[in-house]
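Can you make the complete structure from the sequences, with help from the hints?
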Amino acid sequence: MISFKHVNKHFGDFQVLTDINLEIKEGEVVVVVGPSGSGKSTLLRCINRLETITDGELMVNKKLLNSKDTNINDLRKEIGMVFQHFNLYPHMTVLENITLAPRKALGISTAEANETAMFYLNKVGIPDKADSYPSQLSGGQQQRVAIARGLALKPHIMLFDEPTSALDPEMIGEVLDVMKTLAKDGMTMVVVTHEMGFAHEVANRVVFMDHGRILEESEPAAFFSNPKEDRARLFLSRVLNH
Amino acid sequence: MLDFSILTNNIDTYLEGFLNTLKVSLLALILSFILGVIIAVMRISPMKVLQLAGTAFVEFIRNIPLILILFIFYYGLPSLGMELSGFQAGTIALSIYTAAFIAEAIRAGILSVDKGQMEAGRSSGLTYIQTMRYIILPQAIKIVIPPLGNQFINLVKNSSILGVVAGLDLMYFGDSISSATYVVFDVYIFVALFYLILTIPLSLFVGYLERRLAVTG
Numbered sequence: 001m002i003s004f005k006h007v008n009k010h011f012g013d014f015q016v017l018t019d020i021n022l023e024i025k026e027g028e029v030v031v032v033v034g035p036s037g038s039g040k041s042t043l044l045r046c047i048n049r050l051e052t053i054t055d056g057e058l059m060v061n062k063k064l065l066n067s068k069d070t071n072i073n074d075l076r077k078e079i080g081m082v083f084q085h086f087n088l089y090p091h092m093t094v095l096e097n098i099t100l101a102p103r104k105a106l107g108i109s110t111a112e113a114n115e116t117a118m119f120y121l122n123k124v125g126i127p128d129k130a131d132s133y134p135s136q137l138s139g140g141q142q143q144r145v146a147i148a149r150g151l152a153l154k155p156h157i158m159l160f161d162e163p164t165s166a167l168d169p170e171m172i173g174e175v176l177d178v179m180k181t182l183a184k185d186g187m188t189m190v191v192v193t194h195e196m197g198f199a200h201e202v203a204n205r206v207v208f209m210d211h212g213r214i215l216e217e218s219e220p221a222a223f224f225s226n227p228k229e230d231r232a233r234l235f236l237s238r239v240l241n242h
Numbered sequence: 001m002l003d004f005s006i007l008t009n010n011i012d013t014y015l016e017g018f019l020n021t022l023k024v025s026l027l028a029l030i031l032s033f034i035l036g037v038i039i040a041v042m043r044i045s046p047m048k049v050l051q052l053a054g055t056a057f058v059e060f061i062r063n064i065p066l067i068l069i070l071f072i073f074y075y076g077l078p079s080l081g082m083e084l085s086g087f088q089a090g091t092i093a094l095s096i097y098t099a100a101f102i103a104e105a106i107r108a109g110i111l112s113v114d115k116g117q118m119e120a121g122r123s124s125g126l127t128y129i130q131t132m133r134y135i136i137l138p139q140a141i142k143i144v145i146p147p148l149g150n151q152f153i154n155l156v157k158n159s160s161i162l163g164v165v166a167g168l169d170l171m172y173f174g175d176s177i178s179s180a181t182y183v184v185f186d187v188y189i190f191v192a193l194f195y196l197i198l199t200i201p202l203s204l205f206v207g208y209l210e211r212r213l214a215v216t217g
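Residue numbers (UniProt numbering), protein chains in the order written: chain A, 1 to 242; chain B, 1 to 217.
Zero decoy hints are in this set.
Restricting the straight-line Cα-Cα distance to at most 27 Å, the calculated cross-link-like pairs of lysine-lysine (BS3-like) are:
{"no.": "1", "chain 1": "B", "residue 1": "Lys115", "chain 2": "A", "residue 2": "Lys104"}
{"no.": "2", "chain 1": "B", "residue 1": "Lys115", "chain 2": "A", "residue 2": "Lys154"}
{"no.": "3", "chain 1": "B", "residue 1": "Lys48", "chain 2": "A", "residue 2": "Lys68"}
FYI, nobody ran anything at the bench for these hints, they're computed from the structure.
Following this line, the structure appears as structure tokens:
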């Protein structure tokens, strides 16, 4: 479903991604971990072309991302994205936030879009907030709205860019629960996170990155109990033992 | 004391000028706003050609005097076979001139909207234009209202250049009342009052909008 082959990315002289090779199959949950500045978010953002790759080949849904023939707007409708800072539209109600793209990008009627939006608001557990503005919600609720907004496009892939990093500790659980449910439903998910518990429990695979390279790629049980790379071992000892 | 008979004797003339000033201000306000938004969006678009065209427009227009733009349209165009009335030339010159300042104000407003908003819009499959229209511009407009209000007040005052090209506005009729009555001071004080009738409510309205939009966050 997503395939990186020898992908490199530079920001000017600085190489952010180096020789990335990664295959993600339908229904897989892949969690990307690593220290800050390791290129995890950049890797994720390449998948819907918020960042462009410098060279190599990146296929998403059988479409070449860096090809002129690929209509990026059409491809993005198949990929939901959840951001660290939620990025809800502050001038719109929750319902309007969720229905904007279905109405304007997919061309769905307002009535149908509202129905779909309410379905997903139920799924994330806050149907009573439909008419609230984002500023009236807690961080956890805002992030759940953002997830519902991503799902409302009925995407094949969901991308999560540190979805709990900006949340109060108390609210992390409610967001992770929604993501766990989503994973159980068979959604293809790529998640950049520091939540090792989530990675351990939900991921099919853990990808460890450092300095723009994928250093290790393994099943969570193996990764957490017996990491192959020294750098991964050091990283885990720092994030797990405190 | 002011001689109010000047006002009452010439009230029709004053009112005609007042209405024309109102008309040119409203027309130029709408035209300059539309043009200003387009130029602002061009300047921040990802396309280099549009950026360049937008920047060229702003830098050219805001760095020459308004009256020069007016003369180009009023005296210059007839030599190319296009006759414009003073009113028409004035409206066009005023719209173009003000648009350059409005474009700058709006551009600053757009740039102050969080980058994540554009990313959220684009990543959900909306086009650049759709994201601008539904997500970025509605947020930018709140930030932009105070500087826009100032531009619109300037616009009303700048409309007095129509007087130079027989544009039938307040200033023009003020001049004509003055030369008919040989009164200068009182005539122009009344002209000033008519301008204030337009600009003070405008100023209050901008203040009201600012407060109202602040509430809806």
